[in-house]
Amino acid sequence: MIYWHIFWAFFLPGILGYGGGPASIPLVEKEVVDRYGWVTENEFSEMLAMGNALPGPIATKMAGYIGFQEGGVIGAFIGVFATVAPSLLLMIALLRLLMKFKDSPKVNLLTNLVRPVIAILLAMMTISFFQNSYDGIGIYQTVFIGVLSLLLLEKVKVHPAYVIAGSLVYGAIFLA
Amino acid sequence: MTHWHLFLAFFRVGILGYGGGPSSIPLVKNEVVDKYKWMTDDEFSDVLALGNALPGPIATKMAGYIGWQVKGVLGMLNAIIASVVPTILLMIVLLTFLNSFKDKPWVLGMAKAVVPVVGVMLAVLTVDFLKKVNAHFGVKLTIGLLVGSLILLVLLNIHPAIVIGVVIVVSLFSKQEKQEVKEVKAS
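Protein chains in written order, with the numbering used here: chain V, 1 to 176; chain B, 1 to 187.
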């Protein structure tokens with residue numbers, strides 16, 4: 001029974017959360033705090049804080065941890081599966097269809113017409129990241145880290161992994 | 001060997017993507033298009049578009065689909081496990097044993113310093129997309145399409161899933177309009 005509840009609690013946020021994992025967090029909270037009462041609101045925000053301090057997708061970290069707490073390893077597996085599988089299957093089915101007609105002019109048109117929309121969405125995400133950074137560490141640090149990472153990524157062609165690792169070290173030392 | 005590369009690619013994406021799935025999109029592109037060349041730019045942008053139009057976490061949708069395309073069902077499982085499991089284990093271990101850890105100033109500092117870096121990576125990806133749009137449609141049409149998208153998404157606040165859905169329907173089901181767009185482009 002608990003496994004079924006875990007599945008259901010994470011299936012709904014997975015299928016209703018538009019805009020990636022972060023958008024589904026309030027939905028997860030509704031299920032695990034309000035409906036099933038597995039964690040208190042305080043515990044949930046503690047978890048969220050920890051999840052945000054760690055790398056990786058947030059929705060699966062929450063599902064994995066809460067699933068583990070309620071149902072052990074199997075619970076963790078079910079939580080992640082319920083979060084990931086339904087939307088992934090939909091995606092594979094639709095893209096498979098699309099790729100079959102990859103060379104048709106219609107799909108070609110689709111690829112091109114959808115790009116401006118994606119560009120605007122990415123631009124909006126870019127702005128919100130810089131806004132967060134400005135709120136968190138102020139204008140000088142934001143510009144300094146931003147310009148330096150732009151130079152490293154685009155001019156020196158350093159692999160993003162090293163730039164991110166470098167920024168983590170910088171933050172641990174200078175922004176603590 | 002490909003399985004090992006799939007694992008490495010999505011392990012790096014998972015372990016380096018701070019700020020949830022969406023911030024890992026530029027990292028996915030870096031691995032999948034630039035490094036391992038499993039997909040072209042065009043394919044990647046289709047996958048991203050459809051991923052944005054569908055519900056659920058974006059990181060696992062991308063990992064799952066790309067894994068599936070490269071190496072079938074096993075590739076799919078491999079890519080998802082690589083992007084998800086390491087960080088879940090970290091979360092379980094840290095929350096179980098070291099609950100005070102997340103309030104340490106140096107951890108907070110790390111999480112803050114990475115935000116502008118992700119901002120820059122997203123900006124670079126945005127410029128990539130703009131260049132592609134411009135190369136295909138020319139300056140005038142590009143500005144028109146961008147302004148159109150901006151109005152729909154930001155001013156009218158229409159959900160991206162709906163906008164992308166409409167673009168998909170328009171391009172796949174209306175033969176007439178396709179012809180017209182082609183002509184506009186040619187003239």
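Hints listed in this document are in silico derivations from the structure and should not be mistaken for laboratory results.
You may find that some hints are simply not true.
What the hints assert, rightly or not - Derived pair list, reagent style BS3-like, types lysine-lysine, alpha-carbon separation capped at 30 Å:
| no. | chain 1 | residue 1 | chain 2 | residue 2 |
| --- | --- | --- | --- | --- |
| 1 | V | Lys100 | B | Lys35 |
| 2 | V | Lys106 | B | Lys104 |
| 3 | B | Lys132 | V | Lys102 |
| 4 | V | Lys155 | B | Lys104 |
| 5 | V | Lys155 | B | Lys35 |
| 6 | B | Lys140 | V | Lys106 |
| 7 | V | Lys102 | B | Lys104 |
| 8 | V | Lys100 | B | Lys104 |
| 9 | B | Lys71 | B | Lys132 |
What the hints assert, rightly or not - Covered stretches of chain B, going by a simulated chain V footprint (3 or more residues, C-beta under 8 Å):
| no. | stretch |
| --- | --- |
| 10 | 4 to 10 |
| 11 | 24 to 37 |
| 12 | 46 to 59 |
| 13 | 88 to 95 |
| 14 | 117 to 127 |
| 15 | 135 to 149 |
We put the beta carbon where it would ideally sit given N, CA and C, even for glycine.
Each hint, compared with the structure:
1. Lys100(V) - Lys35(B): holds (25 Å)
2. Lys106(V) - Lys104(B): violated (53 Å)
3. Lys132(B) - Lys102(V): Holds. Lys132(B) to Lys102(V) sits at ~18 Å (cutoff 30 Å).
4. Lys155(V) - Lys104(B): Status violated; Cα separation ~34 Å.
5. Lys155(V) - Lys35(B): Distance ~17 Å between Lys155(V) and Lys35(B) Cα, so the pair holds.
6. Lys140(B) - Lys106(V): Roughly 22 Å between the alpha carbons, so the hint for Lys140(B) and Lys106(V) holds.
7. Lys102(V) - Lys104(B): violated (50 Å)
8. Lys100(V) - Lys104(B): violated (51 Å)
9. Lys71(B) - Lys132(B): holds (28 Å)
10. 4 to 10: Three-residue rule not met by the stretch 4 to 10 of chain B, so violated; n is 0.
11. 24 to 37: holds (count 5)
12. 46 to 59: It holds: at least three residues are needed, and the stretch 46 to 59 of chain B offers 13 whose Cβ sits within less than 8 Å of chain V.
13. 88 to 95: Three-residue rule met by the stretch 88 to 95 of chain B, so holds; n is 6.
14. 117 to 127: holds (count 10)
15. 135 to 149: Coverage by chain V holds here, the residue count being 7 at a Cβ distance below 8 Å.
When held up to the earlier numbered hints, the structure conflicts with 2, 4, 7, 8 and 10 and fits the remainder.
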